[in-house]
Amino acid sequence: VLREVVDDAEHAATGAVPGERAVGEKPAAMAHATSGDEPGAANGLMDWSRLDELAEYDTPERTVVRGAVASHAEQGPACLDEIRRSIGGRDVTQLRAAAHKLKGAASNLGAVALAGCASRIEAAAKNGDVDAVEPLLGNLVVALEASLRDLRRYADAAAPQDGA
Amino acid sequence: MADKGLEIDLDGVSKAEPEVAAEEAKSFENAALIGNAKLRENGQFVNIVRMSATAAPEGQPLILIVEDDPGTSAVIEAVLKKREYATRIAANLNEIKRALSTRPVPNLILLDVMLPDANGFAVLERLRRHPEYAKIPVVMLTSLSEPADVAKGLALGATGYMSKPARPQALLQLIGTALGMEAGGGA
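Top to bottom, those sequences are chains A and B.
According to this note's numbering, the first sequence is numbered sequentially starting from 7.
According to this note's numbering, the second sequence is numbered sequentially starting from 104.
In short, the hints are calculated from the structure, not lab data.
It is possible that part of the hints are untrue.
[To be verified] Subject to a maximum C-alpha distance of 27 Å in a straight line, what follows is the list of computed DSSO-like cross-link-like pairs (lysine-lysine): (1) B/129 with A/132; (2) B/129 with B/107; (3) B/184 with B/238; (4) B/107 with B/200; (5) B/107 with A/132; (6) B/107 with B/238.
[As the list claims (entries may be wrong)] One-sided and incomplete, this derived list gives chain B residues near chain A with beta-carbon spacing under 8 Å: (7) 115; (8) 143; (9) 172; (10) 178; (11) 268.
Every residue, glycine too, gets a C-beta built ideally from N, C-alpha and C.
Please model the complete structure; the sequences and the hints are all you need to start from.
Okay, here's the thing in structure tokens:
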């Protein structure tokens, strides 16, 4: 599942046109989408170098990045809800705005696969093609949940430990 | 305290992108092509014509960050503060008005394009009509970096462009160049 999401995101990033695939909602697959690797381990979902390069400008406890992760954990699912509502209402303006917002927050934290998925939805909305968005939604859900899980683990690992 | 002379009229600014006459955009075609190439290479560029012609600001420069994603504005602010820049943050039209209503006037504005209640290019257009803000460097923060997008921003008075996500070194270089504090990065 993750390989498919990452491939799709890479296609979006490079501008290549992938084969059309109808991907449905896959919440059950999410249990397998993260591997339990160490926080920061390469898995194609995340560009960890983005968070590494921000370390120089952050506190030793990574206050800024942890705050950004907390904000994304709250706003990411809200953006997803907005995307779903916009599809239902066939509101391409709102759809584009919500996908754009999600893309920006994801790329800020190095969540490249999620940014790629959101970028494809934004492009479809820009073209006024709501029908093209629905098949992309499943991958977006997978990428959002998997990247949030990875980011939370990263933030937890960076947080001051009790008694430290 | 609010200063009447700084008040900016943002009434009527919406999420709609302002139109730019084709001839006007065409006059920035070459600069936009160079800018687009620099954006792809470095993640930032400053239009050489609009690089600061005045002396670098004395004291601690103040940067207004207009960005609606709190995680993104927090990261940008952290990068700037580490280099001793003062910052203000605005996430929507009301906050922009408030941030611009008191002295000191910002030395530079980083302006997101897609705001929740406004289009950044439309805000830029209003800034350029205001006597206090007409000459302040305004850098567009955006993922819209095709030559046509860049030409539009330049035609409306943008000083430069910064790709998202903002890379710390590129961001600092861009601000230094736009404020006339260091050379390089011009297009």
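**Request:** List in ascending order the numbers of the hints, as given earlier, that are violated by the structure.
**Result:** Of the numbered hints given earlier, those the structure breaks are 2, 5, 7 and 8, listed in rising order.
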